[in-house]
Structure formats: C-alpha cells, structure tokens
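2 protein chains.
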Amino acid sequence: MSTTTHTIHNFSAGPCILPPSVLQQASDAVRDLDGGGLSLIEISHRSKPFVAVMEEARDLVRSELSLPDHYEVLFLQGGASLGFLTTAMNFTPSNGSMDYAVTGTWAKKALKEARKMGTAQAITSSEDSGFNHIPDLPGASSASAVHITTNNTIYGTQYAGDPTVNKPMVADMSSDIFSRPIDIERYACIYAGAQKNMGPAGTVLYIYDKRQVGQTGRDLPSYLDLAVHADKDSMFNTPPVFAIYTSMLTLRWLKGEGGVREMQQRNAAKAACIYSEIDRNPLFNGYAALGSRSVMNATFTATDEDHTPLFLDACNAAGINGIKGHRSIGGFRASMYNALPLSSVEVLTDVMKEFERTHG
Amino acid sequence: MSTTTHTIHNFSAGPCILPPSVLQQASDAVRDLDGGGLSLIEISHRSKPFVAVMEEARDLVRSELSLPDHYEVLFLQGGASLGFLTTAMNFTPSNGSMDYAVTGTWAKKALKEARKMGTAQAITSSEDSGFNHIPDLPGASSASAVHITTNNTIYGTQYAGDPTVNKPMVADMSSDIFSRPIDIERYACIYAGAQKNMGPAGTVLYIYDKRQVGQTGRDLPSYLDLAVHADKDSMFNTPPVFAIYTSMLTLRWLKGEGGVREMQQRNAAKAACIYSEIDRNPLFNGYAALGSRSVMNATFTATDEDHTPLFLDACNAAGINGIKGHRSIGGFRASMYNALPLSSVEVLTDVMKEFERTHG
Numbered sequence: 595m596s597t598t599t600h601t602i603h604n605f606s607a608g609p610c611i612l613p614p615s616v617l618q619q620a621s622d623a624v625r626d627l628d629g630g631g632l633s634l635i636e637i638s639h640r641s642k643p644f645v646a647v648m649e650e651a652r653d654l655v656r657s658e659l660s661l662p663d664h665y666e667v668l669f670l671q672g673g674a675s676l677g678f679l680t681t682a683m684n685f686t687p688s689n690g691s692m693d694y695a696v697t698g699t700w701a702k703k704a705l706k707e708a709r710k711m712g713t714a715q716a717i718t719s720s721e722d723s724g725f726n727h728i729p730d731l732p733g734a735s736s737a738s739a740v741h742i743t744t745n746n747t748i749y750g751t752q753y754a755g756d757p758t759v760n761k762p763m764v765a766d767m768s769s770d771i772f773s774r775p776i777d778i779e780r781y782a783c784i785y786a787g788a789q790k791n792m793g794p795a796g797t798v799l800y801i802y803d804k805r806q807v808g809q810t811g812r813d814l815p816s817y818l819d820l821a822v823h824a825d826k827d828s829m830f831n832t833p834p835v836f837a838i839y840t841s842m843l844t845l846r847w848l849k850g851e852g853g854v855r856e857m858q859q860r861n862a863a864k865a866a867c868i869y870s871e872i873d874r875n876p877l878f879n880g881y882a883a884l885g886s887r888s889v890m891n892a893t894f895t896a897t898d899e900d901h902t903p904l905f906l907d908a909c910n911a912a913g914i915n916g917i918k919g920h921r922s923i924g925g926f927r928a929s930m931y932n933a934l935p936l937s938s939v940e941v942l943t944d945v946m947k948e949f950e951r952t953h954g
Numbered sequence: 595m596s597t598t599t600h601t602i603h604n605f606s607a608g609p610c611i612l613p614p615s616v617l618q619q620a621s622d623a624v625r626d627l628d629g630g631g632l633s634l635i636e637i638s639h640r641s642k643p644f645v646a647v648m649e650e651a652r653d654l655v656r657s658e659l660s661l662p663d664h665y666e667v668l669f670l671q672g673g674a675s676l677g678f679l680t681t682a683m684n685f686t687p688s689n690g691s692m693d694y695a696v697t698g699t700w701a702k703k704a705l706k707e708a709r710k711m712g713t714a715q716a717i718t719s720s721e722d723s724g725f726n727h728i729p730d731l732p733g734a735s736s737a738s739a740v741h742i743t744t745n746n747t748i749y750g751t752q753y754a755g756d757p758t759v760n761k762p763m764v765a766d767m768s769s770d771i772f773s774r775p776i777d778i779e780r781y782a783c784i785y786a787g788a789q790k791n792m793g794p795a796g797t798v799l800y801i802y803d804k805r806q807v808g809q810t811g812r813d814l815p816s817y818l819d820l821a822v823h824a825d826k827d828s829m830f831n832t833p834p835v836f837a838i839y840t841s842m843l844t845l846r847w848l849k850g851e852g853g854v855r856e857m858q859q860r861n862a863a864k865a866a867c868i869y870s871e872i873d874r875n876p877l878f879n880g881y882a883a884l885g886s887r888s889v890m891n892a893t894f895t896a897t898d899e900d901h902t903p904l905f906l907d908a909c910n911a912a913g914i915n916g917i918k919g920h921r922s923i924g925g926f927r928a929s930m931y932n933a934l935p936l937s938s939v940e941v942l943t944d945v946m947k948e949f950e951r952t953h954g
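If you read the protein sequences in the order shown, they are chains A and B. When you number the first sequence by our numbering, it's gap-free, plus one each residue, and the end is 954. When you number the second sequence by our numbering, it's gap-free, plus one each residue, and the end is 954.
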C-alpha cells in the first residue's frame, strides 16, 4: 500500500474523505467478509450476513439521530437527484403544492423536478445575490410542505439550525447530515446522498415520518414510492451492498467517536479555524455572508485574482487536495466533512499565512 | 485473509461470483487507487482518475459487444427495477404502446411499471405453465416496441438467441449480458443490473440506439431521461463509483479471457455438464422445458421431496454455496455466471452422483 496517504489533506467536496479505519474495513470486506471466505459483493443480499448489515445501518441512523418510532429509514439508489423527484411525488398531494427555498444550484434542481410532476413554487430565493446567503424563510407557507437544502456545497452557505415554518419540511441534507443534532419532528422527510458524511457514492438515505406518506392520492411508480421500499425493509430490489456496508461502517465510527454532538463540536472548531484566517488574512475574502457561513464548506477567493493559481500551487505542494472552488464562483473551497481532522485545516491555514508572508 | 476462499463454490443467483483478480483489485482500490494515496471512494467523480475509469468502462462495453457508433452506453443507478420505468418512459410514445413478453416474475414487474405511465400489454406469456418455458414470440407486433427478459433467473429459462420480431426490442439482460454475442441492431435498448456477469450491485447498464430516444413526446423527469444522462457522459449526478470501477475491472477481465465468444463456449460447457447430469440422474428432475433451458441458471428438483434438505446438506458439506432454489419453485438452482469455473460445476455433479449412490 502507498506510504503517502498520511501526507494528503483531502478537502474534496464529495465524494470526499472517509475515516481511514472505514476504508480499511471496507477494503477487507471486498476481499473477504468477516472471514466467511466470500466477498461482500458476491453474496446474496438476502443472505444473513447482508441482512444484518442493512439492519445495523438502519438502526444506527435511528439511534444516532434519535429518531422517534414513527420515522422510517431507507437506503435507496439514484442519489439526491432522483430524490428531488421522489420527495416531490411522495409529499405533494395531487391537489396540493410544495414551496421551495431556493438557496443554490441543488435547490433549483429540486424545484425543477418537482414542477415536472405537480405544483411547486419558490417561497424565497437568494439567486439575485449569487446565492451568497441563506434568505429568511417566511414563517408561514400555504403549500403542503416546504422544501429546503440545509447546506449548499457550491456557495458555502448553511442554515444555522433547523428553520421554523408552519408546515412540515422536506430537506435535502446531502452535505450536512450527521454533522449536528437535528430537531427531527420539524421534518416530514430528510434525504441525503451518502457521499459526504456517510459513505461512498451509490446510496441515498431517506428518513421520513411514516404517518405523512401515502397521502397524496397519486398512483406512484414502484421505485419512486417510499412505502413500497419500506414494506420490503429497504430491499424492494437488490440494494447497493457496498455503499450501504461502508455507510454502516462510517455510522459505527460516528457512534464510537461520540456521535453527532461530538461532530458538531469538532466541525465548529474546524470552521472557526478557517474562517478566522479568512477574515484575518488580507490576501483572501470569504464568499458567503456572515450568518450564512457553512460549517461544512468554506468558500473564499484571493483578493488579487492573479494569486489564485499560485495559491493552488502552494496548497498542492503542502499535500492539500480538492481545494479548487466550484467553477460557478471560482476561488477556493475547503470542504471539512466529519472525517476531516482539525490538523488538516491547520495545515491549510498555515499555508495561507505563509502565502501572505511570501505574496502579501 | 481467509484461507478457505478456494474451497467455496459460489452458485449464488446474484449478487454472485466475480473473478478473484477483480475482487483483489477492487479491494486494493478502496484502500489506495493506483498508488495515488487516496481511496477510490474518497476522490471526486470529476477527477481525472475517475473520469478515466468511467470512459474505460463505457468503451469496454462498446468494444466487447461490438456496438455501432449510434449506440450509447450509460452506467446509472436504481437497478433494473427502476429500468422497468425508465425504458417504458423513453421508448413508449405518448400516443403509442409497448408489447411485453411475460416470461417470469421480472417480466411481469416490467409490465406493471410500464402500465403506470402509458399503454402496455402482454404479447405472450408462459405464466399458466409456471413460467417453465419461453413462449414463442409472435413475429409481428402492432406496438412501438417489444420488451423481453432474455434470461429468467428464477425459472432457469432463456431465449436461445436474439428473437426475431418486426419491431425494435427493449431487453432486460440483467442475468445474461456478456454471456454471448448479441445482434445489437435488433434492440432499441438493452438494460442490465450489474450484479451477475458485470460487477457488484449498485449500477445498471443502459445500451441504446441514440436515434430512437427523444421520440416519445413526453416531458420526462431528468433522472429518468436517458438523453439527459448521455448529454452529461453518464455523470448527470454523482455516479456509484465503486460499482462502476469494479464493473470496469470485470470487463477488463472479460476482454483478457477472450471476450463474449469465449464466455459463450465456457458457459455452454458448464451448462452441458449440469444438464447432462440432471437428465441422467434418476434422483433429480429439470424444471425448465427442453429448448428453453438457461445457460446461466439451471433449475432442478429432487424426485423424492424428502431428499431436498439432504441434498442441500451434501452440497453444503462440499463447499457449494447458494444452490437453494428460489422460493417460488423450490428445489435447487445452480447459477453459473461467467466467473464460475467449470470445475465448480464438476464438483456439483460429483455431489449429485455421490448422492445417487448413497440415496438412490
């Protein structure tokens, strides 16, 4: 195996860093699952070992997010992109509508898919200001539910907590689930692609209030009907076994590290480290407005645009990976998901300080 | 690592046996992709290494199936179960219909999903005889396309070759793709879940004639629109990187072994071995009708039902795994996908012979 692993600081926006112990165990299971002589990926998904994996993964989601019994947990496929359609189909009554808080590219895409199958509209938007902040969510909606995107990876903005609105919320939490405790009862449904805080790309988590599905009056296609999947214990069809197994390992790790409260503290410490340097260092500017800054993705630019490639070179030389900003806003993005250690953020801020010394 | 791997003969119906070299390489990549110091599953899907993986996987499908340039290749999510809906949506004009050859459980499910979004009907069915044979496909259909399921894993039946009909076919080839050459021009679309001959569960392959999509007059949801995925080179959203990488490895292995013509010969040899023993041995009966027998899944029962658990015990003692028949028809099922060596089938037929000697 490579001896360089420890020198890479992985700030990728997703797929992204996972705990080294999880990668090791996932790798082992692809060779031989628990010493049974067969690979994780060549056994039946209905075999006892895999059924146990699926149950443990679902149970860990329940315990780590303190879900009440009336919430269901599913691991499906298609990512949050198919989730845009699935959630709209399952939570918009055929004679009702859904409100969308448009806080970035992904929220816009969610609204676009919802409009293909029913009535949906923007209740608020920050598009006119380049999605650089989270606009206030009106407290009252006349729709059946309100859809939010809790963290916006591209722009580095995030709701500071669980918003308050007079209707059940449907939330795309792909990029900040398990980063902090949530007030679950505010949500009819939470969905999240695995490839940030939970595991590899290839599975999407749905958490929803069982009492609020099956109420739309629609005859849904089977794969897009959450109740169909729940009825089969998340095994309506062959599940993506590797992605679910690795997510289960990450959830075990999360639990072992102290759970979402511990992650919240660690993430706050990492965010404080990077944002204080962005604010202090005259060579850099933060992109997201104060009050809307994401704990998961810090976006910033070089004050002098000519510095952009030079700073990327400096990061590269320090083993910092994945720091280039999304093409929509340019500059830099430091994604600091649960598995990223504070020490990696400190390496980055050291490079920023050194860059100020040499280029300031 | 386990030292028992070599003694297990994996006849699982899917997820199923994969080449040992593929499992080894996939395991290594989860730890460190090509010595780059990062895991396959923690790098961006838009990074050069993964874009290269996706392109190689798609190119290998093209070369190994000798696809003309007007066929597109995509690796998506949702399995064939979402494919039932996706293919119906993409190939049934809003004022047209699709014919379905109902040859088993999966074909029935495909028809059910198609009916949720348009006009679809059975053109033929073998349900009345327990799906024990492939009924003749009428040569003429008045629908826009004809859907077939080329191999029926549960019942152990398979079309002997590419059927002839006067309309483009849409084929679920989940359980026999890459087992033999195909006459691609007969098909508007082929789709296949990866977890038999191609790789782990978690991705589904679509191959389709680009000239025949976008003709339905429907405004499709983005994830269910094949043209949307093609426009983004199969990266409309984050792809299931591990499943695609491992599928690419299996396709490399396939090519190295001699391709689909070589697989066809090996599979014929394995099928001849098991079926000759089923026909010779008075303690067993074949389930599928002669002429409809599957090269991939041999289904058979014990002449004396009391022998069923005893024979399963004998298989277990010989390291034979996954031989229990599907609950719908009971008995036994020997799934002999590409990666299963003839030697494993010989171990099974030896156990059958020994069982005759001890229980006959």
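In case anyone wonders, no lab produced these hints; they're calculated from the structure. Only a predicted model underlies this, so the values are computations on that prediction, with no experimental measurement involved. Hints may be right or wrong, so weigh each one.
Said to hold, decoys possible - In silico lysine-lysine, PhoX-like type, Cα no more than 20 angstroms apart, as pairs:
| id | chain 1 | residue 1 | chain 2 | residue 2 |
| --- | --- | --- | --- | --- |
| 1 | B | K804 | A | K918 |
| 2 | B | K826 | B | K804 |
| 3 | A | K642 | A | K804 |
| 4 | A | K702 | B | K761 |
| 5 | A | K703 | B | K710 |
| 6 | A | K947 | A | K918 |
| 7 | B | K947 | B | K918 |
| 8 | A | K804 | A | K761 |
| 9 | B | K826 | B | K642 |
| 10 | B | K918 | A | K642 |
| 11 | B | K804 | A | K826 |
| 12 | B | K710 | A | K710 |
| 13 | B | K706 | A | K826 |
| 14 | B | K826 | A | K706 |
| 15 | A | K849 | A | K826 |
| 16 | B | K826 | B | K761 |
| 17 | B | K702 | A | K826 |
As the list claims (entries may be wrong) - Non-contacting residues of chain B with respect to chain A, defined by C-beta distances greater than 10 angstroms in every case (computed):
| id | residue |
| --- | --- |
| 18 | S606 |
| 19 | R656 |
| 20 | L659 |
| 21 | K702 |
| 22 | T713 |
| 23 | Q715 |
| 24 | D730 |
| 25 | I748 |
| 26 | D756 |
| 27 | R780 |
| 28 | F830 |
| 29 | A837 |
| 30 | A865 |
| 31 | I914 |
| 32 | V941 |
| 33 | T943 |
Beta carbons: idealized from backbone N, C-alpha and C, even for Gly.
Taking the hints in turn, this is what the structure says about them:
Annotation: proposed proximity of B:K804 to A:K918 is violated, straight-line Cα distance about 35 angstroms (limit 20 angstroms). Proposed proximity of B:K826 and B:K804 is supported: the alpha carbons are some 14 angstroms apart, at most 20 angstroms. Distance check on the hinted pair: A:K642 and A:K804 sit about 27 angstroms apart at the alpha-carbon level, beyond 20 angstroms; violated. With a CA separation close to 40 angstroms, the supplied pair A:K702 and B:K761 exceeds the 20 angstroms bound.
In summary, the hint linking A:K703 to B:K710 is not supported, as the alpha carbons are separated by about 25 angstroms, beyond the 20 angstroms threshold. About 18 angstroms separates the Cα atoms of A:K947 and A:K918, which keeps this hinted pair within 20 angstroms; it holds. Taken as a hint, the B:K947 and B:K918 pair is honoured in the structure, with Cα atoms around 18 angstroms apart against an allowance of 20 angstroms. Taken as a hint, the A:K804 and A:K761 pair is honoured in the structure, with Cα atoms around 16 angstroms apart against an allowance of 20 angstroms.
At most 20 angstroms may separate the alpha-carbon atoms for a hinted pair to count; B:K826 and B:K642 meet this at roughly 16 angstroms. About 14 angstroms separates the Cα atoms of B:K918 and A:K642, which keeps this hinted pair within 20 angstroms; it holds. At most 20 angstroms may separate the alpha-carbon atoms for a hinted pair to count; B:K804 and A:K826 exceed this at roughly 35 angstroms. Annotation: proposed proximity of B:K710 to A:K710 holds, straight-line Cα distance about 16 angstroms (limit 20 angstroms).
Between B:K706 and A:K826 the alpha-carbon distance is near 18 angstroms, which keeps this suggested pair within the 20 angstroms criterion. Proposed proximity of B:K826 and A:K706 is supported: the alpha carbons are some 18 angstroms apart, at most 20 angstroms. For the suggested pair A:K849 and A:K826, the alpha carbons sit about 27 angstroms apart, so the restraint of at most 20 angstroms is broken. For the proposed pair B:K826 and B:K761, the alpha carbon gap of about 29 angstroms is over 20 angstroms, so the pair is violated.
The straight-line distance between the Cα atoms of B:K702 and A:K826 is roughly 18 angstroms, inside the 20 angstroms bound, and the hint therefore holds. With a minimum CB-CB distance of about 5 angstroms to chain A, B:S606 fails to clear the 10 angstroms threshold, and the non-interface call is violated. Against the 10 angstroms criterion, B:R656 stays outside the reach of chain A, whose nearest CB is about 23 angstroms from its own CB. Listed as a non-interface residue, B:L659 keeps its Cβ farther than 10 angstroms from every Cβ of chain A; the least gap is roughly 23 angstroms.
No Cβ of chain A approaches the Cβ of B:K702 within 10 angstroms, the least distance being about 12 angstroms, so the stated non-interface status holds. At roughly 15 angstroms from the closest C-beta of chain A, the C-beta of B:T713 stays outside 10 angstroms, upholding its exclusion from the interface. Distance check on B:Q715: its Cβ is at least 18 angstroms (rounded) from any Cβ of chain A, clearing the 10 angstroms threshold; non-interface status holds. Listed as outside the interface, B:D730 is consistent with that label: its C-beta sits roughly 29 angstroms from the nearest C-beta of chain A, beyond the 10 angstroms cut-off.
For B:I748, the non-interface assignment is confirmed: its Cβ lies about 13 angstroms from the closest Cβ of chain A, beyond the 10 angstroms cut-off. Its beta-carbon lying about 26 angstroms from the closest one in chain A, B:D756 satisfies the requirement of being farther than 10 angstroms from that chain. Distance to chain A confirms B:R780 as a non-interface residue, since its nearest Cβ pair spans about 27 angstroms, more than 10 angstroms. With a closest Cβ-Cβ approach of about 7 angstroms to chain A, B:F830 is found to fall inside the 10 angstroms limit, against its non-interface label.
Look at B:A837: its CB is around 6 angstroms from the nearest CB on chain A, not clear of 10 angstroms, so calling it non-interface is violated. At roughly 21 angstroms from the closest C-beta of chain A, the C-beta of B:A865 stays outside 10 angstroms, upholding its exclusion from the interface. With a minimum CB-CB distance of about 12 angstroms to chain A, B:I914 clears the 10 angstroms threshold, and the non-interface call stands. A cut-off of 10 angstroms between C-beta atoms confirms that B:V941 is not in contact with chain A; the least separation is 15 angstroms.
Against the 10 angstroms criterion, B:T943 stays outside the reach of chain A, whose nearest CB is about 22 angstroms from its own CB.
Hints 1, 3, 4, 5, 11, 15, 16, 18, 28, 29 from the list above are not met by this structure, while the remaining hints are.
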